Structures are given as structure tokens and as C-alpha cells.
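Line order of the protein sequences matches chains A, B, C and D. Just so we're aligned, residue 1 is where the first sequence starts under this note's numbering, counting upward by one. Just so we're aligned, residue 1 is where the second sequence starts under this note's numbering, counting upward by one. Just so we're aligned, residue 1 is where the third sequence starts under this note's numbering, counting upward by one. Just so we're aligned, residue 1 is where the fourth sequence starts under this note's numbering, counting upward by one.
Quick caveat, the hints were computed from the structure, so don't treat them as lab data. Because the structure is a prediction, the values reported are computed rather than measured.
A pair holds if it fits inside one copy or across any two, identical chains being indistinguishable in the list.
Cut-off 20 angstroms, straight-line C-alpha distance, at most; resulting in silico cross-link-like pairs (SDA-like, lysine to any residue):
{"#": "1", "residue 1": "K178", "residue 2": "R330"}
{"#": "2", "residue 1": "K175", "residue 2": "G85"}
{"#": "3", "residue 1": "K119", "residue 2": "L189"}
{"#": "4", "residue 1": "K54", "residue 2": "G110"}
{"#": "5", "residue 1": "K178", "residue 2": "G327"}
{"#": "6", "residue 1": "K351", "residue 2": "G85"}
{"#": "7", "residue 1": "K36", "residue 2": "T141"}
{"#": "8", "residue 1": "K175", "residue 2": "D326"}
{"#": "9", "residue 1": "K12", "residue 2": "G110"}
{"#": "10", "residue 1": "K119", "residue 2": "Y331"}
Protein chains: 4
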Amino acid sequence: MPEVIFRLDSNKKFKDQETLGHNRWHPEIPPVATVKPGDVFRVDCREWFDGAIKNDDSAQDILQAPLLTVHTLSGPFGVEGARPGDLLVVDILDVGPIPQEDSGPLAGQGWGYTGIFAKNNGGSFLTDQFPDAYKAIWDFTGQVATSRHVPGVAFEGLIHPGLMGTAPSAALLAKWNKREGDLIATDPLRVPPLALPPEAEHAVLGGLPADQWARVGSEAARTAPPRENGGNQDIKNLSKGTRIFYPVFVDGANFSVGDLHFSQGDGEITFCGGIEMGGFIDLRVDIIRGGMETYGVSENAIFMPGRVEPQFSEWLAFSGTSVTLDGEQRYLDSHLSYQRACLHAIDYLAKFGYAPEQAYLLLGAAPVEGRLSGVVDIPNSCSTIYLPTAMFDFDIRPSASGPHQIDPGIGAPRADNA
Amino acid sequence: MPEVIFRLDSNKKFKDQETLGHNRWHPEIPPVATVKPGDVFRVDCREWFDGAIKNDDSAQDILQAPLLTVHTLSGPFGVEGARPGDLLVVDILDVGPIPQEDSGPLAGQGWGYTGIFAKNNGGSFLTDQFPDAYKAIWDFTGQVATSRHVPGVAFEGLIHPGLMGTAPSAALLAKWNKREGDLIATDPLRVPPLALPPEAEHAVLGGLPADQWARVGSEAARTAPPRENGGNQDIKNLSKGTRIFYPVFVDGANFSVGDLHFSQGDGEITFCGGIEMGGFIDLRVDIIRGGMETYGVSENAIFMPGRVEPQFSEWLAFSGTSVTLDGEQRYLDSHLSYQRACLHAIDYLAKFGYAPEQAYLLLGAAPVEGRLSGVVDIPNSCSTIYLPTAMFDFDIRPSASGPHQIDPGIGAPRADNA
Amino acid sequence: MPEVIFRLDSNKKFKDQETLGHNRWHPEIPPVATVKPGDVFRVDCREWFDGAIKNDDSAQDILQAPLLTVHTLSGPFGVEGARPGDLLVVDILDVGPIPQEDSGPLAGQGWGYTGIFAKNNGGSFLTDQFPDAYKAIWDFTGQVATSRHVPGVAFEGLIHPGLMGTAPSAALLAKWNKREGDLIATDPLRVPPLALPPEAEHAVLGGLPADQWARVGSEAARTAPPRENGGNQDIKNLSKGTRIFYPVFVDGANFSVGDLHFSQGDGEITFCGGIEMGGFIDLRVDIIRGGMETYGVSENAIFMPGRVEPQFSEWLAFSGTSVTLDGEQRYLDSHLSYQRACLHAIDYLAKFGYAPEQAYLLLGAAPVEGRLSGVVDIPNSCSTIYLPTAMFDFDIRPSASGPHQIDPGIGAPRADNA
Amino acid sequence: MPEVIFRLDSNKKFKDQETLGHNRWHPEIPPVATVKPGDVFRVDCREWFDGAIKNDDSAQDILQAPLLTVHTLSGPFGVEGARPGDLLVVDILDVGPIPQEDSGPLAGQGWGYTGIFAKNNGGSFLTDQFPDAYKAIWDFTGQVATSRHVPGVAFEGLIHPGLMGTAPSAALLAKWNKREGDLIATDPLRVPPLALPPEAEHAVLGGLPADQWARVGSEAARTAPPRENGGNQDIKNLSKGTRIFYPVFVDGANFSVGDLHFSQGDGEITFCGGIEMGGFIDLRVDIIRGGMETYGVSENAIFMPGRVEPQFSEWLAFSGTSVTLDGEQRYLDSHLSYQRACLHAIDYLAKFGYAPEQAYLLLGAAPVEGRLSGVVDIPNSCSTIYLPTAMFDFDIRPSASGPHQIDPGIGAPRADNA
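Bound-form chain A, shown alone (with noise of 0.2 angstroms):
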């Protein structure tokens, strides 16, 4: 086990730990430690409701999840020498649920969850369809997810960090800031909201001093969206062998990593749509010096998969326009078409009896491929999902035979949209 440099005791609550993380982007909180390029070592990661998210029956948790104090991150991390204008190499090493825990409160312990979230509260990708909160239990045997809410699955997790990335510098925040209050000032009461501005009540911010907190807090910029230094973008294939390369944009370049996932599909549709847990992170970093520059890499990070993705030889896939379920429509929008290729799917999957919202929670769980097939068809892009058949315990492809009727069993947990 390489040398943990962030560690996390599972009894503790996030802020209760002997070093203290951060929710918040901001290039004034200090690294909570640093290494070498070429260092090896491991970070733990908290789940990214800090466990208010329980492993039971109910959605209650789901609808009331406290949104304004995520992600709970690890870091931020500094690299000797690293500059604005280099790359930051990140390899990712290895990377699990809590290790040598596999029973417990914390999702992480042998089990993690997805959420449908509520319209009210954060809302998701077919929010207008499943405006209630609704939840899914998985358990881990293995590599393998099953769940009492989704019977008839078992698929291997393609594990990954949701969300890593480098610290902003202050120009960059601030051009942040500018762009996402513009965009939320075109429509400030939407529900749910466009984005997430500022917020210093829930902020946590490391080692910051105390007395920096407020002004700091009041400027530090939400976690929820990926922006140009890498954040939460959620991509399904950072898994264990990849190598990833983030833009530097403070002296240290002070990454930091959370939101662990044992699976998601692409697009983590309900939101809360990987399987969320806490876990470890073994790293590697290095760093190109002048990287931006010499690979033309100004923002966003670019990387390289690694080789031990779950491999599937057989997929059945839906494809969508972007035409609105009312019949309208949209000019070339790769979003809609998603979207309608999702509902495909699960009206597909409700004939074989899941309750849509079952099928829907499968979608964001599993490892599914999500394509923008083709983006120039005017007006009309298309868009396809990939299931892999192997992950049901029943033979889903269409025949003259019709579906196999399954027993959807207790069903997932659901909560009013309130």
C-alpha cells in the first residue's frame, strides 16, 4: 500500500478529521501536503454527502440531500515545481471502495448508492419525467454491483473518481464567477437552478486561517459543473491504468480528487447517477513542463484510458432525435437527443417489467455508453445508448418470443418531489 498522505477515518465525520478537506474551489486554500513528481501514494476519499445518504429502504434521505456541502474532496495536493503552463500527469494507479471495510454506515463499505434527485432539490436528467426522488442500494460483491432496487443486474464497476482536478488561479476563478452569475441572472428563480453560485455558509476550505473563511468562501466556486481545470466531469472511463493530463494554473498546481464511483453509465443521468461511495485513490503524478503550450491543452483535461475496463462483446442500443416528447422541434440539440434515446430505453425495459424509475436508476448506474452519433443532420442530431445484454441475468433482445417478465420485487425507494 503506497504511503496514504490523506487519510480518513470512517467514524468521523468529514469535518471532524485530523486533516481537513475542502467543498469549494479556490487558490487560496493551502495544500494539505505535497509531493514529488514520480511519488506514488494513496489519498482516501470521503463519499460526497459525508454519509447522510443511508443503506436502507426509504428516499427521504434522497430528497432532503444536502447539496450546498458538496463535494467533500481530498486535497488539495501540492507538486514540487509544478507552474502555471505545465501539465499535471496524473496516473491513476488503483482505486476502491473503503479498503478492508465492507460493512457499515458509510456507502464505501461494501455498498454505495444512486439517486434519482427531486425537481425541488437539484433535479436530474429527465427531470420533467421523474420529477420525485427516488433511491437504489448496491451492493459490491467483488468487482460486482447487484441491488435489492434493481433486480435481474449484476455488472462489473468500471471504478473511478468523478471528480479531480487542479486549483483555479484567481483570474480564472474570477471569469468563472462572471459567466455562471451571468448565466443564472437570465433566469435566478428557475427550479432547478442553471447553476450554483457562491456559497460561504457550508464552504469548507482546508487549512485556510479562520478568519479568511468568510471572504473566501463568499468568492470560492461550487463544485457541481467541470470546467477548465478538470472538476467534476464525471467520465465514466478515469478508471484504474488511466493516465490524465490537467492544465496548471497556480504554482503547485494543487489538484485535489472525491466523488468516488463503482460504476456509472455515461452521463450519470439521475444525477446521483454513479454508484457513490468513499474509497481510495492510489496516484502517480509527473509533470510536462510548458505542457499547455507545447500540446496545445488550455483547459479541460485530456487523458488516456487504462486497459482493464469491464470488456462487453454484445450491446443493445437506442437511438433519440432531438424532437421533445410535446412533438417540437429543436435545432441540432445533442442533449434532447440523449434525453429521448434514455426514454427509449426505458420504455424498452419497462415491458420486461421494471418500473421506469428502476430502469432509469439501471441507466445512470451501469456501465453503459452514451454516443453522439451524429451532431450535422439538420435539424435533427442523434443520439444512442449501449446496454450491455450481458448484465442481465435474463435475455433482453427483442424476438418474436416477446419480453421475459421479470419481478421487479420491492421496488426503489421513492420521496415526493415536495
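Given chain A's structure and the hints, the job is docking chains B, C and D onto it.
Chains B, C and D alone, transformed into the frame defined by chain A:
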């Protein structure tokens, strides 16, 4: 070789063939042939511009490409016993360039082309950055494509039909015309246009009696977009061995096929972004009686990709978010985030010596994957594009030693947007 | 289609073609054509028995298969500038059944065959357990093979040439004759024989002057085994996209090709175990000057398989050790342990209702993998055989519910060993 | 973490642990623990030489490796309700090096080793060409192995147990002793020996009463070979996610496991050819009642490999035939043809600057594939070995520019055969 039920002579134009195909969707276009469930047969296909694009080093033909004449479809083919509400099962047994002809003036005779369309003639996914017309000619050697216009790469084709679908019913056609007309009406003079209305002058309507062409042509749908019937989905994964399920809207299903591609990247981003060619396709059809209701497939195709796609184990991937190049924050716009990911890939490849348009043409033509990685992390969606590293003759990975410099050669022919 | 440099008319026997091929290895057989490094060309190939095996339900033809006449090779082809000591680079650009002919009396016209040879006529890998002759006819639908003689399975072909190689020098030929003669001499009457000595009567020697046939035929090597020059290696992975490197032993390399297989399992265990067919192969050649010494390749081919092999993600595997069926312990005998693994697979498949010979024919023809898993654990080697589960129409996996029972249909035709 | 039912303390020798395992097969060795069908549990495993091999730069320890003491097995584990005739279903949920220990003197603490055994101490697959002892130490970084003794390569481990199996019945044990004794008797003084007879002095027999050790030790089977019960099969594909079915010969099945490998090539050709290590394995067991008869599995394991093996899309392969290095023709000897293929690979790698023993060690340890390509083409079988090209830091492919030259570094430690 299965029986050819739609034969094309490479020496004749599409309209001069013994059997006339069509280039519009309309329920009244009569089948050119009828097959039974279980039948296996071959269909010849003409490239979508019917020979207007030449194997030369000028992009003048792309600049003036006759968009009103497309797509030159083979069919319709009736299926005995198919009725509205059924699912039409189509197996792609084989598909390839024009058999036994590997040189000649017609795309598909040993070569194909990729075009970036000029802004005033259709445009493309990145038309604001690339307003002019460009062309790349690809030579086929076995299943491998190479180009004198894009040096340093070679890749196995993921050969597929860009367009396949069933005939719309009159009611469905009316719905299309209404909703697309409504969209056009919001900005009728837009360049490029929002959508393409019916157009009778260049309509080709197969065996429809001549006195009906004016009326039918004035209401028949253009073939550019994918719609409920499948159509121009440009899904690169519909390659050999794929089984597709189409909704049936008229008696006999009346399905048509065309727009073959030797290869294509996800999105077909240069508009004419696959490697366009004529060729053949061997099909087998079957029916799932009442399958639309049984399986909840009311629209759009569902499919199971084949098992012989080219395999790549290493990829270099780029990510993008929904912030415009001008810095404006957009709300969860996956179309935009994919544009940004593509632009990042182009910026990167430019550092190796490629002209930006060469990189763009490559992304359109090569088997790159485009994924909707994050679609819920407000306000930024995250899209990713994956390039197989093995298609480059040199090491494309970032490293401390900096990018290898290619010789860009004669470059991609260009014609200025008029 | 590349230029055809060796053309075969399906209506004529191998010896009656315009250009005569050969069925023996000898340095004096003159090239039928000469190509340059970099050239791309097509070669037609006749199935190895020149039409003796029929598409019917009798195994009488397999029982009496004319082994003295094989293999009907296309070539030799000279390569300009190739000299002894070079490596001949051969790219398999494409390979398939007889183009544009999908029915007819010749294997390759839409069908192929697998035979279990009788013990008195060649035998097979499991000849003691299967002394009689059996046949299975396979029908090609696109790249998929199915058989009325082996129901319940369908698989994508891994199409390849069973035999390709360069001409031996006179010295190398003498070495072959010496060592194989020495082996035969140890048991000259063995049935099946240990090896096949030169045989002049049925030798076909291409363009060699008629007055030389008797002499050359009496010293030319039979084509059954693989040897230093490549030859009948029956490596199933030499499929489309493969690059092979052969040692060059004579000026011009003089390479030949034949024995095409639509598919084959590792080992080609039924002797005539691939799915035998005629067809075409498109090749490109090049030379690495002095490559034998530079790369230490003094004999046998080295190769890089292509990227479009059928992909299977689930396999059912069987293991065997080097103990005979009679219980005798042999010392690290991987040949025996593979026989035992194959017999275990046959025993297993028999429980699903297959006749043992049906199972045996399937293992010979389908894309099964045979691996040398353990070769040092005295006294038992361990070999394993892997069957892709997706090729079965039913669930082939072991479970508490017991094996599904197939209808074995008409079974595999049989002819008693005489 | 599942419950540990067999725990090992890294600071104690195998014989000093709280629970004692075994190193011989015998039906009277009592279970150390009993599990129920469906149970999930963890077993610690000690590396096969119990710490005798050091992480240093000398091969003296390999030269003198104590072969009489192996293998240090964990178990036996009884399964409630298992009876002779059943199939024991074993799911490998996870397997890896010693958790939370990445440095220390014991293989599995962040490192492992590969040894070429000296001819007088066990020998190896190519012992005539490599009579001396050699060693390579591999360091683990995440799932990747690298070695100071074999530079220029890095590969993902295909982690698996080399040895797992059920206890033999008394009758089966007697059969083993008889047949192996008969073999030994044919050449009792052979070096290396043909097989290993029972040996009581170094036998470790778990919880068997002390007064029984002499008798049982004198008849218990050595663990070197694979046999009807599974045993030391060294099948590299038994990695995470694999389901294995073992015949049951005694009440409770009494299965044992050990000999973990971080990686291994097909054949484990250097004898101690995998990357040897201690570690843990998480298992789940089940029973198919009467499965041996139902599925025709009278002996040897059948299995379904997992879905997370490292993926490689490009390979460089070598072939060999059954002619000895001295030029003697052998009859269809796949063991020999695989030796020749391995030697060809070694010859090739030597041209890049590797010492032959470095190449040999690499073939033993890396995830190379060994296939029985042709087994019927008299008199030559054809075996092939496939090396993933991506594991090399440099371009390993043949080309006109000749082989890249590596720096072989300090080389592999050697100790002369005594």
C-alpha cells in the same frame, strides 16, 4: 453473392439506371421490389452525390455540392406481410465498396471522400471556425483507409450505411412537415438553414407515376435528418453483423438504404464527414408482429452492433464543456461541449504539424468515439472524444519530449466560402 | 478490386486452368507471376481437394478424399529483388469466399465443409475415439456460418489462408526429405502414417517443363506440414489485416498460398477441421533486406494479427492433462493434454444432446481458442480450450437447472472407416 | 472486506501461523474451516516458497529453492452439503497481493519474483538451453509490473491463483501414486525428474493429528502437477471474475488454494514463471448437486474467465514446429513446437539488446498467449506465442529500420547450475 434486387451500373447516373431509386421520403413511392421475411438479398447503393465529387486535389466540387439532390437511396423494398405496428428486423450481413471495381471516377471504386462543407452550402459542426470548403480523398487498401490529404494515419474502416429506414405514413409525414416548418419559420433566412423544407424540383421519386411527382415532391420529406423511421442516423456502429429493428408505419414497411460510409467518426462532424462511397449491402429481413407495442419502440431504431468492429485498446481522449469560445456559459449543452472537445483535439493535433482542417477531416472520417460523459453537472455538460492511438504512424501521446512533427504534405484542398 | 494475378475459373478443374498452380514445394517450380515490393494484387484460390467434396448429406467423399493431390496452391509468385536472407512482408488485405458466386458445386460458392478423416485415410487429432469419416456442410450468410449438420450454433468466420509460404532452397528441401524420411523409417507401415514422403504421380508442378516433372516430383515436398518456410501452419489468426514475415530461401522468394478457411478452431483438430473453401485473397508484399539475420528469424513465420477478428467477451473453457484415457501418465505432453481438453468439451456438449461427432466437428470449425496453459508442472502439462458462449443459440453455461436439450437434427453424415 | 477464514501473519513462517495449511494432497487432511453454499469469504495465501526468495540481485536463492516444501496451500475448506459427484462452483471475486503491505521481505509485499530453475533443481521448459538459475524481481505499481532485471517493459498483471482444487478421494490418490510411480520407474534417475513421488519429511498436513503425519505424508500427493482435482493448473486466465467448476471427490469437497501470481504467460515456461507472490483471494462457493454426471465433468476443472482481463489489440506472434534444435523430426509434438516458438521469440528479443535469459523471464511473466495452432498436419504440429506489443516502451515491430537497442541494465541475476 445473394440475389441483387437493386442493381446499379457504375457507368450511368442515378436517374438513368434501369431501376430508379428515390431521394425523398413519401408513403406513395412504390416499392421497387418485394421480399419475404427470411430473405437474403443484395442492394447496390450509389454515393450520396451521384458522382459529383471527384478524386482530385480541388475542393471546388465540395463547395458546390448539389445538396438538393441527396440522398440517392436504393429502394423502397416491400416486405411481405409487414404491417404498421410491426418491427422490421434488418440484419446487415455484409456491406462494402463497389465489388470488383477498385478504380474509376465514382466514389466507392477503391476510394471515397470526406468534405467540410462551406458555411453557405450546408456548413458543418464547426462551421464558425471552418467556414470554407475542404476535401480529403481516401484510398482503400483492403479494409484500411489512407489519404494523400491527411498524411500519417491509416485505419480500418467501420463500414456502414449512413441512412436506412422505413417509409413514413401520411400522418407521420405531415407531422414532420409541420414541426420542421415551424422551426424554419423561426429564422427562415438563417445560414446555414435550420432545416430543409420539401423541394419538388430535384425530387426523385422512383416508380411513382410521372403525373404525381409535382404533388408528392412538394410534400415529400428531405432525407437529411434522422427521424422516427430511422433515416439518416449516421450511426457508425451499424456495421457488418448488426441487427436493427425499425418501426413499421406503412403496409410492407417499404424500407430504403443508402449513403454508405467506408468509415466515420461519432457525429460525422464535417457534415460530409464519413468517408463517402457507393457500394453494396447484403441484408436479411424479418418481422416481429406487433413489436412496436410489445417492445415499446414507437420511433427511432434500436439495434445490436456486430462483433467485427475494429478493435483498439489504446485511446487518447479530449474533453469539453458547454462554454462557448467567446467565454459565454451555456446551460448543459452537450452539442456545444462536444464541439469544444473536438476543437481541443484539433488544437492538439495542430501541434504535431497538421493544418487544423486536416485534423478536422480526420475526426470526421476516422473511427473516433464521441461520448456524453456528464449531462447533469450544472451548468456544464462534459463531452469527450476518443482517438485510437494506433491509427497514427507516430507516437501521438503527450510526453516530456514534445510532439513529433509530421510533414503535412500537399494539405487538404480548399475552396473559399462564397 | 486489385489486379488478379492468379485467376481461377470455377467451372474448370485445378489442372485445367489457364495458369497452372502446384501442390508440392520445390525450388525449381517457376513463378507464375512476378510482383514488385509495394504491389497490391489478388489471387484466386481453389479449395484443397479441388471439388471432390460435395454439398450433400453423405460422408463417402470424405472417406475417400484424395490426399495425394493436395494442396492445390496458387503461385508461386516471385517478388522482384527478394534474396535469400531477406524477410518477405505479406499483408493480408482481404480474404473471402469466391466473390459474386454464392451457390454452386464448389466449396467457397456460399458454403464450405469440415471433415473428420477416417483412420485409414489420414485420421485426425482424436482418431482413436473417432475412427470413421464424418462431414459437416456449413452455409455462409454474410460472415456467419451455420450448418444443417450441427444445429444450434452460428458464428462469425475468422477467414484466413491455412497455407502460405515461400519456396525452399534445394538445401532446405533436402533437409526436409532427410529428417522426415528418417521419421517414417521408424514405423513405415503406421496407420495413419507418421509423415508423407515425396510422391511424383499426383504432383502438380505449375510451369515446370514436362520433362522435369518426374524428377522434381520425386523429390518435391508434400504440403501437409508447416515447416521453416511457413507452409500449412493453419494458424486461424492470419485473418484480414494480418502482416506476416516469412524467411526467404530462394531468389524472388517464390511464395504460394492456398487452403482457405472460412473459420477454424485452434488446432484444426478434425484434420480437415477448418471450414474448407475456395475464394480470393488480396495481398501486398514488401521486403526487409537481410531481415532474417537482423531480426533473428531463421525459420517459421512471425506475424501481427489484424484488428477485425470477431470479438467474444464470454467463454466456457475446458482443461486437460497429459494422462491417457487408459490412465497412463505421460511426461509433459501438451499434445495429449489438448486432446484430453477437447474430449472433455465433447463430453460436455454431448450432455446437451449433440452426438459426439457433432461436437467434434464444431470444435474443429468454430473460433475456439486452444492454449498451452501449463507446460512445466511435472509430470502433467495442462492445456485448455475456450468456446465462445455467444455462438450457441441456447445457454451453454453449467447451472443448477441442468443442460438444455437440443434437437440434433439429421446429424453429421458418416462413412465407416474401411 | 469479506470475513477472513484463513489468516496469515506476514511476520511468521507458514508453519508458525495460528492456523496451519498444507503442502500435500490427501483426503485425511481435515478442513480448517467450513463454509456454506453462497458464502463469500477471504483467504490469505502465502507465496509458494514461504519467503525463501529475496528481493535482491542474486539468484542463489533460486538455485537452492526448497522444492520439497511446496506449495504452501491455504485450506482445506469444507463446503456444507458437498458430496462426491457434485460440482463445486467457485467464483473468484477478487485476488491480489498482500493488502495494505507494499514493502517488506515477503513476495506479495509490493513485489514478486520470476525464477528460471536450474537443471539440477527442477529445470524449466527450456532447461537444455538455460541450465543455470536466474531471477527477476518485479515491482508492483497499481496493477502494473516492472523489473529492474528486465528493463523496457511494463504490463498490467493478470492476477490469479496458480493452484486451486478439491481433495482427492483415497481411490483417486491411489491412482495418482500408481501412475506417477510407474512413470518415474521408467527413468528413476532422470534430471530433472519425470515426476515427484510422495515425500513425508517436508510434508505439512494441516490439522491432521501428529501421529498420522508419517503415514499420510508417505502417501500424500505432491502438489506440483495439475490433476483430476484441478490443482496446480497455472491457468493464467483464472483472474478476477472467473467462475470455476471443480469435481467433488470427498464429502465437503475440501478445497484448497495457493500459489498466487501477479501475472503469468501461457505455460509458465520458466517453471517459476509467473510473478510469484503471496496475497489474498475473495471467493464465493456454490454446489451443483450431481453436476459431474449431469454435465459430463468427471475430472479437471471447467471455467468461465472474467471480464476484466487486460486488453491488448496488437500482438507480435512467433510460430514453431516439432523439429528439435538438432534438426530431428518429431511426430506431432505440441510441447516441442511451443518450445521452438518460445525460442524464436527469445532470438528475436535478443536482437533488441536483451540477454536471452531476460527474454525468457519476460515470456514466463508477461501476459503472453500460447496457442496450439495446428495439431494434425503430419508430422509437424504448429504452436504460436503472442506478445502484446504495448508492454514494450519502444517499437517492437519488425521494420526496414532495424531493431531499437535497449540498455539491458544490470541484467538478470544468475547462479550456475551445480
